[in-house]
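S.K.: Here is what each chain is made of, one letter per residue.
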Amino acid sequence: MHKAFHPVILFSITVLAFFFIWFSNQPIPVVLMASGTLFFYMLAGLTWRTIGMALLIMIPLISLLLLTNLLFGDEPLSELFFTLQRLFWLFMVSICSAHLVDYEKLLLYCMSRKWLSVMVGYPMLIAINSISFLKEEVQRIKISFRFKGIPAYKQLFVLFPLLVFAVRHSQRGAVALVTRGLNQEKSFYFSYGISTRDKYLFFGFCTYYALVLSMSYAYSM
Amino acid sequence: MNKFALGPFCFTYPHSDRTLSCEQTIAIKEKEFVAIVGESGSGKSTLLALIKGLIPQHTGGRLAGGVYCDDKKVTELPATTIAYLFQNPFAQLIHRQIKEEMVFSMENALLSETEMTARLDEVTSAFGIQPLLTRDTNTLSTGECQRVLLASLLALKPSILLLDEPTAFLDERAREAFYDLLATLKEQMTIFMVDHHVDALHRLADRILHVTMSGEVLEVGNAQVMLEKASLSVEPMAAGVDRFQLVVEQLNFSYKKSQTLLSNINLNANSQEVISIMGCNGQGKSTLFKLLAGLLKPGEGSVRWYQHDALLPIKNLAKHLGFVFQNPESDFYTQDVAAELQLVTRGQSASWSAIEHLLAGLDTSISPFLLSEGQKRRLSIALQLLQNKSIIFYDEPTFGQDSYHQQLITQLLLTLRAAHKLQLIITHDGAFARAVSDKIFVLCDGRLEQVA
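Keeping their order, the protein sequence lines are chains V and A.
Add 260 to the 1-based position in the first sequence for my numbering, that's all there is to it.
Add 45 to the 1-based position in the second sequence for my numbering, that's all there is to it.
Hint data in this document are derived by calculation from the structure and do not stem from the laboratory.
Since we're looking at a predicted model, the values are computed, not measured.
One should not assume that every hint holds.
Below, a list of computed lysine-lysine pairs in the BS3-like style, where the Cα atoms sit at most 25 Å apart [as the list claims (entries may be wrong)]:
1) Lys342(A) / Lys446(V)
2) Lys364(A) / Lys342(A)
3) Lys364(A) / Lys402(V)
4) Lys414(V) / Lys364(A)
5) Lys364(A) / Lys446(V)
6) Lys144(A) / Lys365(V)
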């Protein structure tokens, strides 16, 4: 995945879009905001493949919600469709941003700016980095099940070693931070600053945001 | 550092009556090399954690007495004074980027940017890790990870260095280079090292501490103390009737199109053979095992298994194949060792009593995750042997083993060979490979070459 833009910019765009979609009561501005956000994501390197994957996850979920509401809900259809539309875009923005935002760099930026304490930020960073180890561990455990001839229904056991792995990983991570001398005054050798190009991008998004917000306000008048 | 005093102390492990104790004060001089030996599971790593000052604050348990440096408790020392390299180096990684990992300890020590740059250049060239700097930490092999972390810790220029089996994952050449490096380092700092290579310890150590199985720390004059055990005799195993053959032809494999990892690999193996694969770290040995086990598909070429001369479909291989992972924890699922053993034996008693030697001294009522690294390794081997499979793959079977248990594993493998098992081993231990193998291959630059 190509992550061309600074994670702080991408994260801020996501948060702004999320709030807009959550609180808006107008369908057209919601579509404009969501598609505008996805356009910015694509500039940052989001691929059609990721969008396709997100759709594959969302369509069954949204369909189930629609079916449940049609069968048991008493909401008017127009309101139901608007709720589902907002839900769809919230899912889309969430999944796409999760693929795009480099959370390690985001945390390091916040810690280097002293917005986040290193005593909180580094444990969070270890937790995020453990995801790749967890993925490998799941693979290893599955292989081991296969060679031990453990039947498929018992493979739900995978949760236990995985949970133990997660607990032990965090315990070891905490000890590693202590042994390597983490302290509140820690300095940062690398610069995690935002480039001028990224600042312009964010300015562009904010302008677009203001326009859609104004349009939404005009609609509600 | 001028004066370092170990003990007297008595540490009681959390939720247990087990203790680690030292009844007298052992005074360590500046720039002394202290080797720590003992059976796996005796408490050597705990002793290192005690010296680092992690006990009992970060581990639980009760401690009376302690370890002192210049009349101060080690917990009162600045974090940069004592550098500690864990037994499992992956547990010590913080960052995803290696460059960030390298400077992490220096950032904590509040060194200036110029100083950090100079020290970074110094350690990266000394350890030859420039090519690794652009990689992600999760792509490192265990040996590479160990080198990166050690370089990062030494950049701090600590007064005391604690090393927990630092050579366990290094190939012979890298291990010798590492011992040479230690010979240089011992002139600059005090070193405490847990290691099982007796010859190297005799060469390097000024003092040897023995941690007994009852948890006593004693000063001894000879690292050979570990071999003073009853001689080994392993009961023979009933020979299997299945005959297997592995034929690998022109195998090529790469994770990325631009980078070939394995090229033109040819290999033949039959039941009643033990084949060892050695080679430098990060050369693709574990990947080769996955290809042979049918867990990865070859890019080109073929991996074929035959049972009694008939082609064995790769999907049926799992029934006949046991796999000892490099990380033994990947093999554990249940709440205690007894349940773990029961899961593979399905309640039946073991058909081969020799496995009991591997499990001797293990507390079966505790979680397998609480065992020492060496004990975990022995349990993971036992779990595979209990299944009585005809083909067994071992990824670093002697990791974390003292010389007694190394001999035991050697004997077990030879007995399994006599029982017509086909065994493939990845190891960095040349002496072990020579003791058990019919053929030894070296994997280097993607090519597999037979050397013995």
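S.K.: Quick one: which hint numbers does this structure break? Sort them smallest to largest.
M.R.: 1, 5
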